[in-house]
Structures are given as structure tokens and as C-alpha cells.
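Top line first, the protein sequences correspond to chains A and B. Heads up: the first sequence at position 363 corresponds to 363 in our numbering, and the numbers run straight through without jumps. To convert, take the position in the second sequence, counting from 1, and add 364; that gives our numbering.
Quick caveat, the hints were computed from the structure, so don't treat them as lab data. One or more hints might be untrue.
Covered stretches of chain A, going by a simulated chain B footprint (3 or more residues, C-beta under 8 Å) [said to hold, decoys possible]:
no.	segment
1	87–101
2	106–119
3	191–204
Derived pair list, reagent style SDA-like, types lysine to any residue, alpha-carbon separation capped at 20 Å [what the hints assert, rightly or not]:
no.	chain 1	residue 1	chain 2	residue 2
4	B	K704	B	W684
5	A	K249	B	D388
6	B	K613	A	S28
7	B	K613	A	R46
8	A	K328	B	G598
9	A	K249	B	D655
10	B	K613	A	D24
11	A	K239	B	R690
12	A	K144	A	D85
13	B	K711	B	R602
14	B	K613	A	G26
15	A	K347	A	G297
16	B	K603	B	W684
17	A	K249	B	S392
18	A	K347	A	D75
19	B	K711	B	R674
20	B	K613	A	Q27
21	B	K692	A	R238
22	B	K613	A	P122
23	B	K603	A	H182
24	B	K692	A	G234
Residues on chain B that point at chain A, a partial pick, calculated with CB under 10 Å [what the hints assert, rightly or not]:
no.	residue
25	D432
26	Q548
27	A549
28	R557
29	G605
30	S623
31	Y630
32	G632
33	Y653
34	D655
35	A669
36	W684
Idealized CB from N, CA, C, for every residue including glycine.
Chain by chain, the residues run as shown.
2 protein chains.
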Amino acid sequence: MYALGALTAQRTLFHTVDEPLPLDGGQSLARYTVAYQTWGQLNADRSNAILIFHALSGDSHVAGVHEDGRTGWWDFMVGPGLAFDTNRYFIICANVLGGCKGSTGPLSLNPATGRPYGTDFPVLTIHDMVRAQRPLLRLLGIEKLHAVKGASMGGMLALAFAQLYPEMTDRVIVMASAHANHAQAIAWNEIGRRAIMNDPLWRGGHYYDSALGPPKHGLGVARMIGHVTYISEGAMDRKFGRSLQSADKESFTFGIDYSVESYLAYQGSIFHQRFDANSYLYITRAIDYFDFGARTGGNLTSAFALTNARYAFFSYSADWLYSPERIKTMAHAAQAAGRKPSITGLKPRSAMMRSSSSRSRKRN
Amino acid sequence: MYALGALTAQRTLFHTVDEPLPLDGGQSLARYTVAYQTWGQLNADRSNAILIFHALSGDSHVAGVHEDGRTGWWDFMVGPGLAFDTNRYFIICANVLGGCKGSTGPLSLNPATGRPYGTDFPVLTIHDMVRAQRPLLRLLGIEKLHAVKGASMGGMLALAFAQLYPEMTDRVIVMASAHANHAQAIAWNEIGRRAIMNDPLWRGGHYYDSALGPPKHGLGVARMIGHVTYISEGAMDRKFGRSLQSADKESFTFGIDYSVESYLAYQGSIFHQRFDANSYLYITRAIDYFDFGARTGGNLTSAFALTNARYAFFSYSADWLYSPERIKTMAHAAQAAGRKPSITGLKPRSAMMRSSSSRSRKRN
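Construct the complete structure from the given sequences, taking the supplied hints into account.
Here is the structure:
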């Protein structure tokens, strides 16, 4: 089969849902849009669809070259003949609700005011994000998925999908993720949120019409914190160590001296160009709220038992945010629930765990 | 011997040095003050003095009740009959140069302008801080120390002391510290500095006369980051887990939901009451610049060989900033240099590694 899709530019498509979406927080959205992309062809019996969920700062552009010129964030894994073979599978990925990559979120227009929602947008859960993608599958004529897959936050969406729609979910692939954020992971997200909300340019979340622009410094600090959590201590040693950025010796100022400072400062400084600070608040809050076992009184095994899927768990050996040990705990609960999970430990593709290459930069 | 010192309130003493202090960065201080305290009595042959160096946010008030009512940050270790027995030893501790607890630092008056230095204060090194304490020992009539001791940043000062004054240093006690900050530790310090300098109230470091007050939000974020690094992931799980602070369920706002958020927000919010944001910049920069092996071309063993001390290293099993593995590396270099070090692994005194009790709160 000739993979036409791989040779033409990817386009983002939009599905606007006109039925109300009740949310876990008690509010509802009357109308919302889901931005998505697809790869490959749906087969005759509509049984080859794989729904991929992106991570915190990701978008629907998983693979191929977008018409805007960007290469997808998982381009080395999704395509003709690749692990997620678009000659065999019909791949779908949608930007999450609350995001800033085409789906409805805080920077969308609030129909009640005609201005961007800002922090009038309702606080969401991971389950809300998953429910928002259900109508898209209806549109595409899909009643059962070959698999759902996600890494980091995406893994949480995959778990939530299997929980909300057990009859639709045959396989769940969870990479470098968690059934619930532990205290330290909540702490990092909260510090990032504080940094954003402390930035006077945040203006209570209503900064979209401000001549001073978005709270880019606060968002930058949040992003710097995130980047440290995406790279193992050992990988940081190997990549940066104590090397100085450009000078022969320390500057004896508070400017950039070390390479690691330069790397983080750069990552922090550019993030506002592609990501909305309010979306960062909403998405990290949803991540922190996620608790796969909460619906079964904290019993993780019971939570897995209520799903119908097979599970494949992947962990990265050097991941300190979602450690192999924590992922094993999750896999053991799935095992105890009779879900026969596989568990695979991965070495990072390079010295940097998840953020080294331009290709994988947008994964988290 | 009757320990009179333990029954009377501790007072901070001040030694003003009127000879210029040349600094590693090329500048010099014409005049500076060292705030210090002592415990116990110097013996007749002046051989029982122990110099303790405090950590990042510490001060000279190690033990006993200060006349301001505060109990010392290592009160359970320093006193009559305690590990650092003030019936036997003469204990000294001085606030570091660049600090904000009585010694000259960015909030001191700049004689050139008659106003606080702010960021006109020269950027310092750990070695500069140590040199600044040398005249104090002269004042006290001490030519040789029984021991120097420090934890975290204090351990770096102890190492630097042994390096600068080998003839004065018989024993070095280093706890939960490093011969040089690794890349991730630099990263955390740098993110904290960025958070402070991004705060518009920082005003380029000249905020002391501002009606709006100090950059407390930026300093708060820096402190929150610090606190996460002071507590192991497991201890955070045990102490906070995912427990909610007060409500029965999530607030669906960006306020405080989780206990860990509440803890960090509180620690961040009060820090400006006892610590100067500029001092945070200067001290963390000095920590990042410290490299015990730099004077011997990066050879740590050679660095230890140039000292005359015996070494005792202590690590905390759950310390992830200054891990037991890294401290072992340092001890092995001391061993290779023939310095016959001891190395002791400690369990945290409580579930919280370094920050649990009010007593130890000020250690870092």
C-alpha cells in the first residue's frame, strides 16, 4: 500500500461539538472544538484505529511534516513501516481540551463575553479531556479502538479512556506515566503554577489583550523546572556537567555562566512563543487531580479490573519523575487484576532522557 | 565544669575587620563585619576550638536560646554533654560574608554611596567567605582548630577552610555536601535566582528603599524549589502523599488543594521575613562556583593531598541533592590521598529529611 499520507503535508482538522460537555468540576461547556490529525487509513471493519494522547506541552501533530513546516513530536515512531505503522493502522491524535493548540481552552473565545476565557475557563480533569475526544471517534465512525497510547500525561489520558470506555478499549500503552502524581510531582507542578500566577503580567489570567504580553517570565520558570524533571541527574552530568557556556572563567555576575544555565534559560525564554501560560495552569492541574484508583476507593487493582484492556507499560531507566519502580507498582496492580500486562524498561534514546532532540522536544 | 553559657541567652557578637579583603572575582572589600557567636570556653593551650559553618539560609545561632528568643538550628547537637560538647569544646559559628544575618552582605551600607549595596556588592566565592572568617580566629587567639564542620553549603566552607589553611585544620567534618555542585544542583539554584530576578520588585537588586517591599514572590518560589530538594521523594510521599489540605474534595480552582501545596506555599510565603533575596542570589552563586578540585586541575585526590586534615563524611540515605553515592566519591578521593576518611550513612532523624522540625528548619 502506498503511504500517500506520508508524502503530503499534515493538516490540523477541527471538530466542533455542539452538545454540552458536563465536567467533573460541576460546570459544563456548551460547545467546544477539538483539533486533531490522522495518519493512515481506517480499514473496512474499522478495527485498526489507534488513539494517541499527547503530553503536557504537546499537540495533535504527532508525525510527518505539518503544513506549517514542523516535524511531528513522535515522527520516528509513527509512519509507514515504523513501530506505529501507518500502512496498517489509522492513527488519531487530538489536542487536549484546555490546551492551546487548536482545541478549546482558556485562550478560546468565551461565548458569554465574546472575549477569551482566561481563568473563567472551567478547571478540568484528565477524564474531562478524554470525554471531550469521544465525539471525534463517533465522527470518524470508530466504535472500538485497536489501542490507546500515551506517554507522561498522555498515559494518564490512556488510562482514563480505558476506565471511561472499557467496551471501546482493547489495548492500552502507557509510557513513563503514573496512575496518580506523587507528592513531589505535584510539588513541581504547583511551583510552576505559582511562578506563572506571581508574574504581574498574568493579570489574574486575563492577559490576552494586554499590551505587555503574556506572563512569559513566570511561564519560563515553570518550563525550566519542567525541563529539570525531564532529564535525569546522570544525563545532566553527562551533557552539561559543570562546563561553562562560553567564557573561560566565571563571570562574577548573575548572568549565564554554566551550560546548564544557558540551556534552561533558553528553554524557558522561548516557551511562551508556543505555549499559553493559562493552558499550563489548566493542564498541570488536571495532571495533579488525576487518580486512576480514586473511583474504586483507592484500590488500583479494582480500577484495572473494571477495564477490559490489555496493558503494555514502558518505563525509562533514568526517569526520576515517573520512575520504573512506580510504573512497576502500576503494572503489578494490572497483573493482580488479571489484565496480563507487559512491562518494558527502556534506555533513553540519547544521553538526554526525553528532551534532547528537536524531534522529541515537544513530547512533554 | 559548669556550663554557664547554656543557661544564659546567646548574643550575636560582631567583629569588624578594617583591612581590605581581596576577593576571587577581582574586587575587594575595604572593610567588613562578621557576626558570630561562641559556646563553651577556649582551653589554656587554645586547642579545643571547633568552627562550624552554616548552610544556605542559616546564621551564627547554632545552639541555645538567643536573646531574641529563637532556639539554635543545631541545638540538639551542640551543648553540654551533646555530640559537640560545649563542656569540652569551644564552638564558633559566624554568619557568612554575603549573608543577611549580621555579617556584611548586599543589604549592608555601601560606604561609597551611603546606601545598601544591593547588587553592587561583589559576587563572592565560598573561599572568599572562608577568608573573611580568618581574622575572627586571630581575634579569638586561635591558631589551630580542633575541627571545622559544615553541612550542605557549610560542608563546602569546611573543605575550603582545609584547603586555604591546611596548617590550621586538624579535622574536617562534612555532612550532606559536595566537592562541587553537579549540573542538576546548579539548575535548581539558577531557577531560584531567575524567579527572584524576574520579580519586578527585585528592581535590579535595589529594592531596600522600595515602598513595595522586597521581591517576596520570587524569593518564595526559590524557597519552594529549595524545600523540594531538601526532602526526599519517599519522605514527601509519607508525609503528604496526595492528601488534601482541608476540603473533602478538589477545589477546581488554582488555590491550595493538596497538603504538599500548602506546606510549600507557607514555606515560600514566610521566607522573606527572615531572609534577604539578594543574599539568596549571592550565596547560591557562591555555592555553584565552588569546586574543591579546581585548584588542582580537577584532580580531587590531589586537592585532598594538599590538606593536612583527617576527614569525616556523613551522608543521608534519602538525600537526593547530595546523594550518598556522590559523597562516597569524595571520600574515596580523600582515601586515595592518604587522608584516611571515615564515612557514615545516616537515616533522616524523621520522615522529613532536613526540614521537618522547627529546630532543623533553618539548617538549609
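Now for the hints, and whether the structure bears them out:
A count of 0 residues in the segment 87–101 of chain A with a Cβ less than 8 Å from any Cβ of chain B is obtained; the coverage claim is therefore unmet, three being the minimum. Counting residues of the segment 106–119 of chain A whose beta carbon lies closer than 8 Å to any beta carbon of chain B gives 1, which falls below the threshold of three, so the coverage claim is violated. Counting residues of the segment 191–204 of chain A whose beta carbon lies closer than 8 Å to any beta carbon of chain B gives 8, which reaches the threshold of three, so the coverage claim holds. Restraint check: the Cα-Cα separation between K704 (chain B) and W684 (chain B) comes to about 26 Å, which exceeds 20 Å; the hinted pair is violated.
Between the alpha carbons of K249 (chain A) and D388 (chain B) the distance comes to roughly 11 Å, so the proposed pair stays at or under 20 Å and holds. For a cut-off of 20 Å, the pair hint linking K613 (chain B) to S28 (chain A) stands: about 18 Å separates their Cα positions. At most 20 Å may separate the alpha-carbon atoms for a hinted pair to count; K613 (chain B) and R46 (chain A) exceed this at roughly 40 Å. Simply put, K328 (chain A) and G598 (chain B) have alpha-carbon atoms about 16 Å apart, close enough for the 20 Å limit, and the pair holds.
Among the hinted pairs, K249 (chain A) with D655 (chain B) is consistent with the structure: their alpha-carbon atoms are about 13 Å apart, no more than 20 Å. Between K613 (chain B) and D24 (chain A) the CA atoms are separated by roughly 11 Å; this keeps the pair inside 20 Å, and the hint holds. The suggested pairing of K239 (chain A) with R690 (chain B) holds, with an alpha-carbon distance near 18 Å, which does not exceed 20 Å. Taken as a hint, the K144 (chain A) and D85 (chain A) pair is honoured in the structure, with Cα atoms around 18 Å apart against an allowance of 20 Å.
Between the alpha carbons of K711 (chain B) and R602 (chain B) the distance comes to roughly 15 Å, so the proposed pair stays at or under 20 Å and holds. Simply put, K613 (chain B) and G26 (chain A) have alpha-carbon atoms about 12 Å apart, close enough for the 20 Å limit, and the pair holds. For the suggested pair K347 (chain A) and G297 (chain A), the alpha carbons sit about 34 Å apart, so the restraint of at most 20 Å is broken. Restraint check: the Cα-Cα separation between K603 (chain B) and W684 (chain B) comes to about 17 Å, which is no more than 20 Å; the hinted pair holds.
Restraint check for K249 (chain A) and S392 (chain B): satisfied, since their Cα atoms lie roughly 18 Å apart, inside the 20 Å limit. At roughly 19 Å between alpha-carbon atoms, K347 (chain A) and D75 (chain A) fall within 20 Å of each other, so this suggested pair holds. For the hint pairing K711 (chain B) with R674 (chain B), the CA-to-CA distance comes to about 23 Å; that exceeds 20 Å, so the pair is violated. Proximity of K613 (chain B) to Q27 (chain A) is assessed by CA-CA distance (about 15 Å); at most 20 Å being required, the pair is judged to hold.
At roughly 19 Å between alpha-carbon atoms, K692 (chain B) and R238 (chain A) fall within 20 Å of each other, so this suggested pair holds. Distance restraint check for K613 (chain B) and P122 (chain A): the Cα-Cα separation of roughly 16 Å lies within the 20 Å cut-off, and the hinted pair is therefore satisfied. The suggested pairing of K603 (chain B) with H182 (chain A) holds, with an alpha-carbon distance near 11 Å, which does not exceed 20 Å. Distance check on the hinted pair: K692 (chain B) and G234 (chain A) sit about 16 Å apart at the alpha-carbon level, within 20 Å; holds.
Because the smallest distance between the Cβ of D432 (chain B) and any Cβ of chain A comes to about 30 Å, over 10 Å, the interface hint for this residue is violated. With a cut of 10 Å, the hint placing Q548 (chain B) at the interface with chain A holds, because the nearest CB-to-CB distance is about 5 Å. For A549 (chain B), the suggested interface contact is upheld, since its CB lies about 9 Å from the closest CB of chain A, less than 10 Å. Interface restraint check: R557 (chain B) against chain A, minimum CB-CB distance 6 Å, threshold 10 Å, status holds.
For G605 (chain B), the interface hint holds, since its Cβ comes within 10 Å of a Cβ in chain A; the closest pair sits about 6 Å apart. For S623 (chain B), the interface hint holds, the least distance from its beta-carbon to any beta-carbon of chain A being 8 Å, beneath 10 Å. For Y630 (chain B), the suggested interface contact is broken, since its CB lies about 12 Å from the closest CB of chain A, more than 10 Å. The interface hint given for G632 (chain B) is met, as the beta carbon of that residue sits about 7 Å from the closest beta carbon of chain A, less than 10 Å.
With its C-beta approaching chain A no nearer than about 6 Å, Y653 (chain B) sits inside the 10 Å limit, and its interface hint holds. Because the beta carbon of D655 (chain B) sits about 7 Å from the nearest beta carbon in chain A, less than 10 Å, this interface hint is met. Given hint, A669 (chain B) at the interface with chain A, is violated; its Cβ is 21 Å from that chain's nearest Cβ, farther than 10 Å. With 10 Å as the threshold, the beta carbon of W684 (chain B) comes within range of chain A, its nearest partner Cβ sitting at about 8 Å, so the hint holds.
Consistency with the previously given hints fails for numbers 1, 2, 4, 7, 15, 19, 25, 31 and 35, ordered from lowest to highest.
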